[in-house]
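Please take these sequences and the hints and turn them into a complete structure.
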Amino acid sequence: MKNGKKNIILLALLFLLLPLILIPSSYGALTNIWGTSVGTVRTYTFTTTYTGDIQAVSDYGDHIFTIVNIWDNDANNYTELLYSRQRILLGSPVVDLITLDDAAGSWSALNLMYPVNIPLRNIDPLVPVAFNATDSMGLNWTLAIELINLVDNYTATLDGNVLTIHYWENGLHEYIKWDRSTGWLISYEIITSYSTPADYEETTAVKLKSAPGGVAIDITVIIGIIGAICGALAVAVAYLAYRKSKR
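Residue 77 is where the sequence shown starts when you use this note's numbering, and the numbers rise one by one after that.
Calculated directly from the structure, the hints in this document are not laboratory data.
It should be emphasised that the depicted structure is a prediction, and the values quoted were computed from it without experimental measurement.
Where is the CB? At the ideal position from N, CA and C, for every residue including glycine.
Treat the hints with care, since some could be wrong.
What the hints assert, rightly or not - Simulated restraints on C-beta separations:
hint: 1; residue 1: A151; residue 2: T125; range: 43 to 49 Å
hint: 2; residue 1: T279; residue 2: T119; range: 28 to 34 Å
hint: 3; residue 1: K283; residue 2: G167; range: 17 to 23 Å
hint: 4; residue 1: W147; residue 2: N225; range: 32 to 38 Å
hint: 5; residue 1: S269; residue 2: D148; range: 45 to 51 Å
hint: 6; residue 1: N152; residue 2: A132; range: 32 to 38 Å
hint: 7; residue 1: A132; residue 2: L234; range: 31 to 37 Å
hint: 8; residue 1: S168; residue 2: E222; range: 39 to 45 Å
hint: 9; residue 1: L166; residue 2: T127; range: 31 to 37 Å
hint: 10; residue 1: G115; residue 2: G247; range: 29 to 35 Å
hint: 11; residue 1: N153; residue 2: E277; range: 45 to 51 Å
Structure (structure tokens):
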């Protein structure tokens with residue numbers, strides 16, 4: 077009778093250990109150089125304002141970015157990133173799927189200096205936030221800031237995790253702010269002054285609309301954590317029951 081009880085307890089112990097065994101190991105196997113998570117959403121507002129002899133506001137609406145996937149597409153143990161961009165184009169929403177590669181040649185100081193393609197109104201708000209010197213993966217923020225400050229008419233300053241870049245030339249001023257801790261664009265503003273035939277300023281601004289939080293955690297991770305906790309508790313209970321049965 078005692079042996080039967082022991083077998084039942086051991087079987088229950090094995091069953092309750094499964095959550096610990098089945099937790100996905102892939103989450104810790106890759107280096108995520110993007111500083112963000114699957115399900116993260118950021119919304120930017122795009123506007124152009126005219127002041128002076130011409131006064132008007134042209135609102136191009138919101139650009140919504142959603143992180144779709146983070147995976148090692150080329151099996152080098154560094155993650156690529158897939159995100160969707162939804163924007164308004166000619167009155168209709170357009171959704172683009174964009175893959176960012178982890179290749180060394182894909183990222184440089186230029187990615188910090190030019191986040192927006194104004195004629196196409198396409199915002200590219202992500203840059204890598206980690207740097208691996210051995211494999212040259214990601215972006216070296218410190219080196220990038222040094223290089224930017226060497227370029228004529230550019231200054232780059234870092235205040236905490238906010239990197240501010242200023243560019244000026246003949247009535248043109250650009251201000252770019254990056255969040256170094258996450259790699260997301262905070263804001264972008266370009267101010268152009270015109271004197272002929274009218275005296276006015278044109279300001280195009282891209283600003284983060286959604287709060288910096290709001291990360292949607294992968295549900296499988298939550299299930300795995302809960303399973304691990306339950307499994308650990310079950311192991312303790314089963315062990316105590318087993319010791320009690322031996323007395």
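Against the structure, the hints come out as follows:
At about 48 Å, the beta-carbon gap between A151 and T125 stays in the expected band of 43 to 49 Å. The hint said 28 to 34 Å for the Cβ distance between T279 and T119, and at roughly 20 Å that hint is violated. Between K283 and G167 the C-beta distance comes to about 22 Å, which sits within the given range of 17 to 23 Å. At roughly 35 Å, the beta carbons of W147 and N225 sit within the given window of 32 to 38 Å.
Against the hinted window of 45 to 51 Å, the Cβ-Cβ separation of S269 and D148 comes to about 47 Å, which satisfies the hint. Checked against the hint of 32 to 38 Å, the pair N152 and A132 fails, with Cβ atoms roughly 50 Å apart. As the Cβ distance of A132 to L234 is approximately 36 Å, the hint placing it in 31 to 37 Å holds. Checked against the hint of 39 to 45 Å, the pair S168 and E222 passes, with Cβ atoms roughly 43 Å apart.
Under the hint 31 to 37 Å, the C-beta atoms of L166 and T127, about 27 Å apart, miss the expected range. Range check, G115 to G247: about 42 Å between beta-carbon atoms, so the 29 to 35 Å window is missed. Distance hint check: the CB atoms of N153 and E277 are about 49 Å apart, consistent with the given range 45 to 51 Å.
Taken one by one, the earlier hints fail for this structure at numbers 2, 6, 9 and 10, listed in ascending order.
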